[in-house]
Amino acid sequence: MTRDPLGRAFCFSATALPPRAAAPAQRPGSPGGCGRCAATTPATLGDSVGPAMSNAKPQTAITPTREDNYAEWYQQVVRAADLAETSPVRGCMVIKPWGYALWENVQRVLDKMFKDTGHVNAYFPLFIPLSFLEKEAAHVEGFAKECAVVTHHRLEARDGKLVPTGELEEPLVVRPTSETIIGEMFAKWVQSYRDLPLLINQWANVVRWEMRTRLFLRTAEFLWQEGHTAHASAEEAVEETMKMLGVYADFAENWMATPVIQGEKTEGERFPGAVQTFCIEAMMQDRKALQAGTSHFLGQNFAKASGIKFLDEKGVLGHAWTTSWGVSTRLIGSMIMTHADDDGMVCPPKLAPQHVIIIPVTHKPEERQRVLDWCKTLAADLRQVQYAGQPVRVELDARDLRGGDKVWQWIKRGAPLRLEIGPRDIDKDSVFVGRRDKGAKEKTSVGRAEFLASLPALLQEIQDGLYQRALAHRTANTRVIDTKEEFYAYFTAPATKDPNAPTPIHGGFAMTHFSGSKELEAKIKDDLSVTVRCIPLAEGEPGTCPFTGQPSAKRVVWAKSY
RNA sequence: CGGGGUGUAGCGCAGUCUGGUAGCGCACUUGGUUCGGGACCAAGGAGUCGCAGGUUCAAAUCCUGUCACCCCGACCA
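Residue numbers for the first sequence follow this note's numbering, so the first one is 134 and each next one is one higher.
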């Protein structure tokens, strides 16, 4: 229940049951467990490791590693990098400043892209009358199972407890998406072809009552952006759909340093109520696919449901053609799973909350002020440098902490560059540079002026390196497959001793011809948890479907997915 | 919702079988020693043992219920 400042309260109930809680089983024999990311002294580690593990892997800031337990590694990175935490509210996360700053950068860049393509922002209600959701049949079916519903508007104290009273005549659904409420408004705004196209975007939170949640990837409440447009013709609406898909692909590749495949969803994976759904799909480090953005051509389905009608040039009354498209805070999860390593987060420089962290080395009290002053001047000079159309973001970390602690905190948070500055550097007029894309101990001394001059290029080099690394990973784990046997073998995990252990990383993207039906796709999903992620937009050659033996126009992308 | 598991200090865990009213590591505070590095020594602060009932002289420990969280599924951005 939430109380607003006026003392009214809203009571939420959920149509779906809460997810079962399940904790990641702690490996009984694992020394130190996986909580060591908070910093463990080498001595402690050495003691606990013991002779049996003396030749174990090098110490990492995050335990377990990606290889050992990918799902647990992900959660530890989110926490160690200070990106988000679980909250007292089931399935809802608290996005912490470092994580929220990433999101703000995503917002800033995308918002400009939307405006540059002619869109304007607006805001629509959080609450959607139940009857609105009922208007589009496929839409209802798609979302009904995961809606939070407001049924009361007041609380009364009874026996020291607060009890919801004042039942609403019509329940309100907390928006899982806004097609219906926006459609309702569009119907009022559109009378004539002169009112079209209508190009609106909204930055908002939405609620989908999920069974299983994971920070950023799937939470009951999440932040997103939803674009909604109405057009006078199908062609124009399709063009808009593809244009925004292109915007997302551009953003993913050039800002998030994440290679994506643009494609169309099959019938089974389509957005409820859409005529066509397009997406960008990225490969995570565990080789599963993550849908990073979607763009839907809604045809006239929602226009008919909401009554968005207009008179065309000839005076003929017709329904408008609409689109919708969105990306969410899930993008942050995708950045983590694309770039982070066993030492924590790795932020793509273009979206990093801070580009450069200055860590003053002030051991001698008499040197302290001199070092701090020099660092402040350096920070100011760095901020004069431009990168990706903005001043370089610099943080001077003058906290009263040990240098090593600070260094590791910033490694775990994924700041692209660290400068450790002490008296020796000042005397040489140089800076001691650590790069997040290199090993923690690989640091180099660079002249101050040279560093300032090369900073944009250096950040771009890191940005490009991340992209290339992600692309190489995807390429290495994408296989062209022509037989059903190979396909099944590719997606079958190696056996593990413990049936409840996490599934080892295996598989990847499989490119096969496909002529199959919705039913065949469902069967394969049933067998292997593998689905068609998309039918790529890129040109393809015809061939034969390995499942049906029928001809197929082009290869599709199969993968397990988030 | 099916199968498996876990809730004890901010984080990670031990203690539960064999009831006797809490312990370890890291983090935190203070003092000292170190000083281009995820330090060392000492002292200290911090826990209604998830919650609610029950059994008992006595419950973290036994019983019942309940909630939450994680893993494998199903479903999903």
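Any given hint could be a false lead.
Cross-link-like lysine-lysine pairs, in silico, PhoX-like; alpha carbons within 20 Å at most [stated by the list, open to error]:
(1) Lys497 / Lys561
(2) Lys229 / Lys268
(3) Lys574 / Lys539
(4) Lys576 / Lys539
(5) Lys561 / Lys539
(6) Lys229 / Lys245
(7) Lys539 / Lys229
(8) Lys447 / Lys497
(9) Lys278 / Lys321
(10) Lys245 / Lys376
Label pairs and their computed distance ranges (CB to CB) [said to hold, decoys possible]:
(11) Cys225 / Thr250: 28 to 36 Å
(12) Gly598 / Leu534: 28 to 36 Å
(13) His639 / Asn387: 38 to 46 Å
(14) Glu369 / Lys658: 55 to 63 Å
(15) Val273 / Thr298: 38 to 46 Å
(16) Lys656 / Thr250: 26 to 34 Å
I should point out that these hints are in silico values taken from the structure, not numbers from a laboratory.
Model, not experiment: these values are computed from the prediction.
Ideal placement from N, C-alpha and C gives every residue a C-beta, glycine not left out.
- request: Please write out, lowest number first, the hints stated earlier that are contradicted by the structure.
  value: 2, 5, 6, 8, 9, 13, 14, 15, 16
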